[in-house]
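Residue-level listing of the chains:
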Amino acid sequence: MQVPAPFEYERATSVDHAIGLLERLGSTARLIAGGHSLLPMMKLRLANFDYLIDINDLHAELGYIETGPDEVRIGALTRHRELLESAQLAAAFPIFADAERVIADPVVRNRGTLGGSLCQADPSEDLSAVCTTLDARCVIRGPGGAERVVSMEEFHVGPYETAVADGEMLVEVRLPVRPGCGSAYEKVERRAGDWAVVSAGAAVWLDGGAIVDARVGLAAVGPNTTGIPEISAALRGREPSESLFEQAGAIAAGSCDPATDQRGSADYKRHLAAELTRRTLRRAVERARS
Amino acid sequence: MTTVHERADTFHDNDQKPVGYGRMLRKEDPRFLRGRGRYVDDVQLPGMLHLAILRAPVAHARIVSIDTSAAEASPGVRAVVTGAMLAQQGLAWMPTLSNDVQAVLATDKVRFQGQEVAFVVAEDRYAARDALELIDVEYDVLDPVIDARRALEPDAPLIRDDLDGKANNHCFDWETGDEAATEAVFARADVVVSQDLVYPRVHPAPMETCGAVADFDAVDGKLRLWSTTQAPHAHRTLYAIVAGIPEHKIQVISPDIGGGFGNKVPIYPGYVCAIVASIVTGKPVKWMEDRSENLISTGFARDYIMRGEIAATRDGRILGIRTNVLADHGAFNGTAAPVKYPAGFFGVFTGSYDIEAAYCRMTAVYTNKAPGGVAYACSFRITEAVYLVERIVDCLADELGMDPAELRLKNFIKPEQFPYTTRTGWVYDSGNYEPTMRLAMDMAGYAELRREQEEKRARGELMGIGIAFFTEAVGAGPRKNMDILGLGMADGCELRVHPTGKAVVRLSVQSQGQGHETTFAQIVAEEIGIPPADIEVLHGDTDNTPFGLGTYGSRSTPVSGAAAALVARKVRDKARIIASGMLEVSVADLEWEKGAFHVKGDPGTSVTIQDIAMRAHGAGDLPEGIEGGLEAQICYNPSNLTYPHGAYICVVDIDPGTAQVKVRRFIAVDDCGTRINPMIIEGQVHGGLTDGVGMALMEMIAFDEDGNCLGASLMDYLIPTSLEVPDWETGFTVTPSPHHPIGAKGVGESATVGSPPAIVNAVVDALKPFGVRHADMPLTPSRVWDAMRGQARPPV
Ligand SMILES: Cc1cc2nc3c(=O)[nH]c(=O)nc-3n(C[C@H](O)[C@H](O)[C@H](O)COP(=O)(O)OP(=O)(O)OC[C@H]3O[C@@H](n4cnc5c(N)ncnc54)[C@H](O)[C@@H]3O)c2cc1C
Numbered sequence: 000m001q002v003p004a005p006f007e008y009e010r011a012t013s014v015d016h017a018i019g020l021l022e023r024l025g026s027t028a029r030l031i032a033g034g035h036s037l038l039p040m041m042k043l044r045l046a047n048f049d050y051l052i053d054i055n056d057l058h059a060e061l062g063y064i065e066t067g068p069d070e071v072r073i074g075a076l077t078r079h080r081e082l083l084e085s086a087q088l089a090a091a092f093p094i095f096a097d098a099e100r101v102i103a104d105p106v107v108r109n110r111g112t113l114g115g116s117l118c119q120a121d122p123s124e125d126l127s128a129v130c131t132t133l134d135a136r137c138v139i140r141g142p143g144g145a146e147r148v149v150s151m152e153e154f155h156v157g158p159y160e161t162a163v164a165d166g167e168m169l170v171e172v173r174l175p176v177r178p179g180c181g182s183a184y185e186k187v188e189r190r191a192g193d194w195a196v197v198s199a200g201a202a203v204w205l206d207g208g209a210i211v212d213a214r215v216g217l218a219a220v221g222p223n224t225t226g227i228p229e230i231s232a233a234l235r236g237r238e239p240s241e242s243l244f245e246q247a248g249a250i251a252a253g254s255c256d257p258a259t260d261q262r263g264s265a266d267y268k269r270h271l272a273a274e275l276t277r278r279t280l281r282r283a284v285e286r287a288r289s
Numbered sequence: 000m001t002t003v004h005e006r007a008d009t010f011h012d013n014d015q016k017p018v019g020y021g022r023m024l025r026k027e028d029p030r031f032l033r034g035r036g037r038y039v040d041d042v043q044l045p046g047m048l049h050l051a052i053l054r055a056p057v058a059h060a061r062i063v064s065i066d067t068s069a070a071e072a073s074p075g076v077r078a079v080v081t082g083a084m085l086a087q088q089g090l091a092w093m094p095t096l097s098n099d100v101q102a103v104l105a106t107d108k109v110r111f112q113g114q115e116v117a118f119v120v121a122e123d124r125y126a127a128r129d130a131l132e133l134i135d136v137e138y139d140v141l142d143p144v145i146d147a148r149r150a151l152e153p154d155a156p157l158i159r160d161d162l163d164g165k166a167n168n169h170c171f172d173w174e175t176g177d178e179a180a181t182e183a184v185f186a187r188a189d190v191v192v193s194q195d196l197v198y199p200r201v202h203p204a205p206m207e208t209c210g211a212v213a214d215f216d217a218v219d220g221k222l223r224l225w226s227t228t229q230a231p232h233a234h235r236t237l238y239a240i241v242a243g244i245p246e247h248k249i250q251v252i253s254p255d256i257g258g259g260f261g262n263k264v265p266i267y268p269g270y271v272c273a274i275v276a277s278i279v280t281g282k283p284v285k286w287m288e289d290r291s292e293n294l295i296s297t298g299f300a301r302d303y304i305m306r307g308e309i310a311a312t313r314d315g316r317i318l319g320i321r322t323n324v325l326a327d328h329g330a331f332n333g334t335a336a337p338v339k340y341p342a343g344f345f346g347v348f349t350g351s352y353d354i355e356a357a358y359c360r361m362t363a364v365y366t367n368k369a370p371g372g373v374a375y376a377c378s379f380r381i382t383e384a385v386y387l388v389e390r391i392v393d394c395l396a397d398e399l400g401m402d403p404a405e406l407r408l409k410n411f412i413k414p415e416q417f418p419y420t421t422r423t424g425w426v427y428d429s430g431n432y433e434p435t436m437r438l439a440m441d442m443a444g445y446a447e448l449r450r451e452q453e454e455k456r457a458r459g460e461l462m463g464i465g466i467a468f469f470t471e472a473v474g475a476g477p478r479k480n481m482d483i484l485g486l487g488m489a490d491g492c493e494l495r496v497h498p499t500g501k502a503v504v505r506l507s508v509q510s511q512g513q514g515h516e517t518t519f520a521q522i523v524a525e526e527i528g529i530p531p532a533d534i535e536v537l538h539g540d541t542d543n544t545p546f547g548l549g550t551y552g553s554r555s556t557p558v559s560g561a562a563a564a565l566v567a568r569k570v571r572d573k574a575r576i577i578a579s580g581m582l583e584v585s586v587a588d589l590e591w592e593k594g595a596f597h598v599k600g601d602p603g604t605s606v607t608i609q610d611i612a613m614r615a616h617g618a619g620d621l622p623e624g625i626e627g628g629l630e631a632q633i634c635y636n637p638s639n640l641t642y643p644h645g646a647y648i649c650v651v652d653i654d655p656g657t658a659q660v661k662v663r664r665f666i667a668v669d670d671c672g673t674r675i676n677p678m679i680i681e682g683q684v685h686g687g688l689t690d691g692v693g694m695a696l697m698e699m700i701a702f703d704e705d706g707n708c709l710g711a712s713l714m715d716y717l718i719p720t721s722l723e724v725p726d727w728e729t730g731f732t733v734t735p736s737p738h739h740p741i742g743a744k745g746v747g748e749s750a751t752v753g754s755p756p757a758i759v760n761a762v763v764d765a766l767k768p769f770g771v772r773h774a775d776m777p778l779t780p781s782r783v784w785d786a787m788r789g790q791a792r793p794p795v
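Chains as they are written, first to last, in numbering that gives the first Met the number 0: chain A, 0 to 289; chain B, 0 to 795.
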């Protein structure tokens with residue numbers, strides 16, 4: 000049994016209570032949501048915090064998926080499993096179910112949350128790639144109920160670093176809804192439940208035969224999960240075709256910066272960036288059409 | 000010969016409860032399924048303290064100083080012990096199972112990352128762990144030796160300066176076979192193929208990590224030690240020798256064990272630390288390592304860098320096999336193998352083939368990596384041997400343009416050649432290889448698979464079919480050839496039948512999940528006709544079981560299984576005499592029918608074994624010279640190993656875009672001689688095949704160039720899940736061992752031994768269109784992609 004260093008623990012009774020505690024305790028405190036990223040780090044003593052503030056009692060307040068005509072809103076404490084099983088979400092953005100099927104295992108998915116995933120800001124993390132692909136906005140609440148809304152690019156400051164400051168928390172993720180959308184996600188892993196060697200998400204918005212907009216998000220190929228604006232630029236206004244996907248794949252491979260590690264060589268990861276970009280775009284287009 | 004490949008309906012067969020061999024649910028399962036197993040970590044004793052070990056953060060460094068004062072002052076801490084303190088008692092070093100020495104706690108240098116440096120004893124596990132952070136060790140970091148290929152370079156840093164006169168990192172040399180004869184055969188062969196192969200360092204990673212609870216009673220001088228050990232009796236003797244505690248004052252208890260796979264054969268420093276801590280504090284002390292400690296410091300497996308060479312005629316007669324091996328033994332030679340076999344049973348690398356000559360030369364070296372070796376269900380290095388021969392036979396098939404199944408069939412040792420003495424001196428007791436191979440091919444639909452592959456290749460799809468045929472050598476001794484630190488490899492067994500006809504059988508071997516409580520009850524049941532449910536199987540407690548060397552190398556059934564059958568026959572012989580008295584006929588007039596004796600020609604006049612048991616303990620007269628009671632004891636010294644064999648066929652598909660390997664089918668036909676409980680055999684095979692998928696596709700304990708272990712958690716060291724494995728298709732043939740009392744051979748490790756080459760052969764076969772002839776494990780997507788581009792590399 001691996002044991003973390005000593006810490007104090009408190010269960011938050013409301014979002015404001017949690018923020019109040021965060022404000023008072025500063026950088027020595029951390030929220031704990033599903034705990035599936037935080038606790039392993041603490042047990043390995045890669046991270047030590049003096050205080051943990053448990054937000055799991057706030058599921059009523061922060062665990063929801065609301066689909067509206069212009070926007071899908073997802074509460075930060077929504078669990079992986081809820082994302083996987085939501086029919087509404089699958090109808091609007093099948094990319095979520097694609098991704099959730101390959102994130103960890105049922106035990107982790109029962110507890111792990113959207114907010115925890117995004118705030119962990121691990122470069123291999125899948126939901127960040129999904130949210131990047133869908134051009135999500137992150138709602139960050141601070142002391143006194145003050146809220147600010149940031150894009151995914153702004154949200155991820157660096158590996159394991161986000162725009163959420165001391166005394167703040169992520170409360171909601173908003174996904175803009177536009178017509179003619181299709182989306183898909185693919186991941187290459189060494190074994191079920193392993194973190195991605197590389198994964199890619201793609202979303203396209205079609206009008207008639209043409210691509211109005213397209214976005215690709217990659218995980219595990221650089222310090223951050225990143226959107227690739229050049230792909231969007233290259234695809235906008237064009238008819239979907241194999242050669243176009245090919246071109247998008249080449250851009251993906253060229254614009255990422257993977258490192259060689261136990262999961263694979265940098266060359267292989269770059270190859271996957273291209274391969275998975277092609278595959279997900281192809282599927283996203285199929286879905287947009289059907 | 001019979002076959003099964005349909006799924007056995009195991010859920011209803013508990014009602015059948017065979018009196019003897021047959022399918023029956025495991026007697027131990029209710030307690031495991033209900034969470035009522037009792038493992039070392041479940042042991043709670045009054046006043047028990049907890050021990051945590053400080054480990055080296057670097058692979059090679061001189062210890063300059065250790066300051067324990069802050070740790071000693073930490074709340075709840077009772078003691079902090081360093082190597083220097085152990086050295087005062089002469090306990091800083093201990094012998095390994097291979098006659099080397101290993102530091103209990105480092106005194107001079109640390110020699111691998113994760114090595115034991117100091118320990119803390121505290122009132123709870125948390126306090127002990129927290130105090131580790133307060134021990135201040137100053138290290139003078141030295142260059143490490145990580146790549147075994149460079150260990151013998153003249154300027155390589157010297158690891159074992161603790162050994163007198165040691166000037167390099169050489170561990171041992173070993174050879175087997177006939178070099179000159181092999182040279183001659185190679186010189187006249189039409190075809191010679193050679194291939195470099197790496198069997199990477201892997202780890203057994205049992206679900207339960209290693210640990211111990213030591214309880215030394217200062218008044219009666221008795222040490223009770225609960226520990227995760229596969230060999231409780233051998234451990235007790237070694238503790239007596241190392242710690243100087245008289246052997247009768249040591250009780251080693253190996254309770255339920257959550258997986259061993261060889262990981263729990265060695266004595267680890269942690270066990271010794273727990274004993275020392277209990278003596279020092281006068282309290283029971285528990286030490287339980289965590290997952291990372293298990294992965295970085297305990298017995299690894301494999302780590303052989305091999306060159307295989309095979310010589311043949313143009314028409315596919317294999318003439319000779321030659322190999323050169325560089326073995327990485329880590330910082331201390333902790334290999335668990337019979338003393339005369341420093342390379343384990345690697346000498347069986349000639350496989351299942353009738354060849355003219357063979358030779359192996361091996362050099363073993365020290366590196367700055369964890370010690371251990373010979374673990375992970377390998378039958379003492381037969382895993383490496385089978386991988387070598389089955390891979391190079393495939394390379395030869397490729398070179399000859401011959402079907403790999405046909406090449407194997409052509410070269411098998413023939414049934415009439417058994418017992419067969421190999422070119423390296425092993426006497427294979429029995430075997431009938433062709434029917435086993437043909438059955439596997441039939442089950443697979445081999446010809447049809449090859450047709451499918453051809454069609455797929457034409458479409459650019461990557462499908463591979465891999466074959467491995469293995470012969471195992473399990474059940475060590477005999478004792479005259481095989482001992483561990485002087486303890487002969489033979490095993491005892493005691494059987495006692497109670498007055499009401501229930502029985503208890505005591506074994507020297509120890510189950511770590513193999514189902515001994517069921518299998519051994521069935522062996523005894525078959526011999527004396529008492530139902531298995533009425534037979535209690537006791538094992539794992541040195542005060543309550545006879546001496547023997549324990550469970551590893553698939554030796555339980557070949558050795559203790561024989562002992563159990565023979566002890567039961569001894570009891571039956573006595574029962575026959577008592578029965579003759581009861582029925583008032585001569586012994587010769589009695590006929591045994593499982594569970595009862597009856598008078599020849601008069602089946603109605605009979606006594607059951609239960610009647611006899613009551614008589615043996617009762618007030619009535621017993622035949623002259625017969626003592627009361629119905630019990631016997633035996634120590635079984637095997638006359639030879641048993642040699643199970645098997646034919647495995649694996650079918651893989653590879654995604655040409657991502658290079659991911661999917662094992663689509665796996666056909667395993669095993670021949671382990673007489674089958675006691677087919678369900679348990681299948682379970683052993685399923686587990687071993689899953690291990691094989693892990694080793695072939697994902698497992699490796701890797702190190703960076705500084706010697707940091709890159710497999711220190713199960714996030715980094717991958718083991719397969721149910722999603723990586725297909726529905727196993729198992730079948731069997733039966734070739735009983737001629738020298739084993741019930742004809743049984745071991746099966747625990749067959750699948751681990753046989754499956755990796757089948758999978759690698761399948762992957763390589765799938766990659767044939769890319770001109771690939773070999774790719775080393777682990778075949779992760781990235782490494783398969785390298786191979787597809789002609790850049791296959793040994794793993795680092
Ligand atoms: C075995 C295993 C396999 C996994 N495999 C994958 C995988 O394949 N792909 C993948 O993407 N993930 C994987 N994960 C991670 C898993 O998805 C985590 O659950 C997730 O990353 C974190 O969610 P959590 O709710 O558990 O966060 P926690 O661990 O509770 O928290 C993570 C971090 O986020 C902070 N945080 C949490 N909620 C908020 C909030 N509302 N506002 C501000 N900060 C917050 C915490 O303070 C902490 O710093 C795996 C985890 C495990 C254990």
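Since the hints were made in silico from the structure, they are not lab data. Errors might be hidden in some of the hints.
Selected chain B positions facing chain A (Cβ under 10 Å, derived; list incomplete) [as the list claims (entries may be wrong)]: (1) Asp40; (2) Asp41; (3) Pro45; (4) Asp177; (5) His597; (6) Arg782.
Heads up, the beta-carbon is just placed ideally off N, CA and C, and yes, glycines get one too.
* **Hints violated by the structure (listed by number, smallest first)** => The structure conflicts with hints 2, 3, 4 and 5, although it agrees with all the remaining ones.
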